[in-house]
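Visitor: Spelled out from the first residue to the last, the chains are:
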Amino acid sequence: MKIKVEKPIKKKERWIGKKVPQVLSNEKVTGKLKYPSDIYLENMLWGAVVRSKYPHAVIKKIDATKAENFPGVVKVLTWKDIPGVNGFGIVVQDQPVLCKDKVRYVGDAVALIAAETRETLSKAKELVEVEYEVLPPVTDPFVAMRDDAPKVHRDGNIHLHTVINKGDINKGFGEADLIIENEYRTGRQEHAYLETESGVAYYDEDTDLLTVWCGGQYAFRDQAQIARVLALDPRKVRVIANPLGGGFGGKDEITTQIHLALLTYLTKRPVKMVISREESMIFSWKRHPMILKYRTGVKKDGTLIANEVYIYADTGAYASLGGPVVNLAVEHSCGPYRIPNTHIEGFCIYTNNGVSGAFRGFGVNQVTFAMESQMDEIARKLNMDPVELRRKNILKRGEETGIGSKIETSMGLDIILKEMENSSIYRDRAKEENLDKKPWIKRGVGVAISYQGTGLGVGLPDYGSAWIEMRKDGGFNVFAGNVDVGQGLQTSFKLIALETLCLRDERKVHIITGDTHLTPDSGTSTASAGTYRGGKAIRMAGIKMIDLLKKHASRMLGENKENLEIEDGTIFVKDNPDRRISYEELGEILFKKGRLPKTEGHFYFPTSKTKIPGAFGLPHYIFSFSGSVALVEVNTLTGKVNLVKAVNIIDGGKVINKLGFEGQSEGGIVMGMGYALTEDTIIKDGYFLTKNLSTYIIPTIKDAPKEIETIPVETYEELGPFGEKGIGETVMVPIAPAITNGIFDAVGVRIRQIPATPERVFWAIRKRENK
Amino acid sequence: MKEFEYLKPRDLNEALFFAREYKHRKKFLAGGTDLIVRLKDNLIREDYIIDIGEIKELKGIERKNGEIYIGPTTTHSEIIESQITKKYAPLLVEAVKTIGSPQIRNRGTIGGNVCNASPAGDSIPALVISGARFVIKSLDNERTIDIKDLFLGPGKTSIGDDEILYRIIIPEWKENEIGFFNKLGQRNAMSISIASVAVKLEREEGNKFKKAFVSFGAVSPVVNRATRCENLLTERELNSKDYIFEAASCAVNEVNPITDVRATREYRREVSKYLLYESLLNLLRIGG
Amino acid sequence: MKTIKINFVLNGEEIVDEVPVNITLLDYLRDYLRLTGTKEGCGKGECGACTVIINGRSVNSCMVLIPQVDGKNVLTIEGLSNDGVTEIQEAFVEEGAIQCGFCTPGMVMSTYYLLSKNPHPDEEEIREGLSGNLCRCTGYKKIIEAVKRASGGKK
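Chains as they are written, first to last, in numbering that gives the first Met the number 0: chain A, 0 to 770; chain B, 0 to 287; chain C, 0 to 154.
It should be emphasised that the hints constitute simulated quantities derived from the structure, not laboratory data.
Heads up, some of the hints might be wrong.
As the list claims (entries may be wrong) - Covered by chain A, per the in silico footprint, the following chain C stretches (three or more residues, Cβ under 8 Å):
1) 41-50
2) 85-93
3) 109-117
4) 136-143
Ideal Cβ placement from N, Cα and C applies to all residues, glycine included.
With these hints in hand, go ahead and build the complete structure from the sequences.
Guide: See the structure below:
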């Protein structure tokens, strides 16, 4: 299959890379923009979910009579009321829409209620009587793996076990001069988007169309999942998935969409559901907490020779994206380094600890934390500069990764390392460290690098689609299905369209996204590729549009197409520029003729030509790369760590939307900092102890570093629109190990479990003092 | 939210009347930053909510006879902004600055912080080391108690069902006094204390102090004076780091923390000593 | 259901109504008046998305019982935007301080309050002033720059 490549544009770009106000920012800043949680409809009912009381239990009986008879309650639904398939899930539909036989975590849905008022709902929820036979909860992943453990699912607790071998691991260790072996643990991070899962649904009897307006990351998949449950033709289900108040992967899976659809369909009235923060924190997906065992062998000159990795991921009650997360972790487990001998095993394990699923980074955060900590320890033990050690081992284009695949696309690793070395934090690290204002406050500098495979991977349907329609005023409507989760996707689309269509006036392009009935299916807003998918398709459609417009203009001007040029929305004859026609004029003429042009762009996401056997989806094909430098401050008396300054060096190909790019990088640093220092969902015996934002600690403005510098490394990715590739995830990955490496630099203490809370760091410091 | 009867007394007298009338069936509402959370969480059994937030007699900050009189429904923001408390109750101001957020401080009141009697209430250690006294009124009685007689346990004060906290009285900060409030939270803002300490030292000469007041927050069911630490701090001149650390180390015997979602009891116990040590180093401008 | 009569000024206009006594100002603004610019992020006063100004003070409207609003003067993001966009809002847009936008109305209201008391805050004062508003997308950097720009400080 021929892959369309781009040649770098010779003329100066007007829009690409420029600092422009983001689309819809005026509506957001005045509060005028309506999010799904802001919609109120005539005759509307409020909906709520009754969830499981126990983390693991058999359902003996569900009696909804009292709730149904409660004044103000219009409908109570249980599994019996589901017309189609009682299941959902992106990969495997193993999660019940409404539980029938068993509950597997405290967020499992058991019943749905629709009532006239919100107040009625909370009372009615208590009146649904469920008889449970409590089962012992499975809470430890290692216990879960044993044959005698209680089974979360019928076929056992190991959802996926991936094994990769490269070279000869034993020979590799035999040749190593130094072997570093450690166990790492990572926390259960919560997305904590400011807008909880919410939406409205309504059914129009005249058009026989069920509409669900609920923030999500892939409207078309939501549509398919809803249709499957309601046994409807998907075309009879419309999903509008944006705007939304944050996603980060947490709104990739189904949230309230199916529940809303069921209630609306079976009451024939509009229904609204707004999940409370507490309920959201309990039922929604989390980042997989992982236990990672690493054994790395290196020669005394710093050359990596062997890496043995075991990854244990707690996927909670249902599959969701656990399999792909573990596989992506396996793929990235050895870092972007040349290692000839590897043995990697990834386990995706069911427990009754909530549910784990997609979260920005998707498994790469965890293994990068481990591998970059290994690298830091190796550098120390070999007395090598940490950047130099990495430079010695980083992959070059075309070389084999730890799983044996080759990266053939653009790579900016060498530049990232150069920028890292030249960054003020790194250069001045000795000086920074002596700026101790108080002797018990120690400063340290840490570095880390990462890479991120974008797109869904080989063997999975992944594509982009866009339409462009000319309007009679000479402007254009641009349609792409990808959802804008706040990352600036609509603005990137606009810039790509403006540039491709040779426009000067930014008002001439209007972007429509995320609606199954208005936009083409352009794939997800996940895997760092939302902008890529829609953007590339828009570019393709735009190039066709330009050609079409030239054709029309050539007829009208009586000139050969080859003699025409376009600039600032005007088509003119090269050697006689007074002979011209503007888009406005062209639009009016074509409108009168009923021939306003519409073009389309479609492509399949470029994937690897080879597959890694036994590892579904691997390898990925286009990668983004990143590096972070962290200046941390450790209070040796209390263990509290502050991130003082950070540098984020990001290779996302060409920067399309400057403010969006920087914003993602800055947000990524702070989210990664939270992951490294404060964020953890605490579950005990299957019950959630952190249920609100005062116990689940995300960074405030006073925690954010004093300085964040973002350095773009614009390697040119010829397979991307204008050379772009996605960065949404990699921006948050290396900062976490950079911080813990910085802690070591500051106080000589190696933190191998994150979050590195004050308590963890405190005990590590005291232990070291006592030695 | 739970249903309740809302009453808004016009003045203190009417409030006291309602207090006697409804006794244990009522809850006072001032700022609401704690009560409203509890109402939403279904933790309130009482049926009557008595709104005392606007009663003039319960507001205000006054300076009289070498003491500061603070009305209980004075908000944390008002305490931070008042010229009187800034100058004459600086440690209380430092403590109150760490409560919640600007929005919470604009509504939350010092009376609420005290009467909720949370072991982690940040104003409390500052009030303890200030030697605060509390004027408590009922319809036909007025009494004044020391802070050591106020707190009975987590969430419990000795204020009766038919009584209202009327004034908080703190002696003015003296010229020869220095103080420090040190709070350890999980992050730098909007943080409930893992452990905190309030220290006040009355200087005799140089680094010799004639009186010491130390109080730890969030590490005991009731906030007390850490008398062992205090004794060591006045026994000798505070010139050596080692001695200061020794004095601070008494903390481990003065606190009785619990393990919860924020921290373990072992950490709270140990870190209390380090918080005090750090406070003293800061106060005395000695390097660690 | 117990109700109460309330009378207060909202965005310069008088509101007279009879409402259940056990709802918050946030509920009233959104569910009753359909003024959805003020957002609910947590319902517990822990995120600041619901920030409004009452009698010149910034508060979490989810932590205000509707009876407490009687006789008061309330300003929401809609009221701020009534006569067009303020300098604060322009600055947020220009600096790219808005991503998903859900925290934005609350941030703007807190900024408005901060600058009303302290027209030229330094960076530390800006951070202190916005410490009650959580943002998950931006990392706060461009928000700080927006406030600096709006206050006429250095960019």
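Visitor: A separate judgement is required for each hint: does it hold in the structure or not?
Guide: Hints and how they fare:
1. 41-50: holds (count 6)
2. 85-93: With 4 residues closer than 8 Å to chain A, the stretch 85-93 of chain C meets the three-residue bar; holds.
3. 109-117: violated (count 0)
4. 136-143: holds (count 8)
Comparing the model with each earlier hint shows a violation of hint 3 alone; every other hint is respected.
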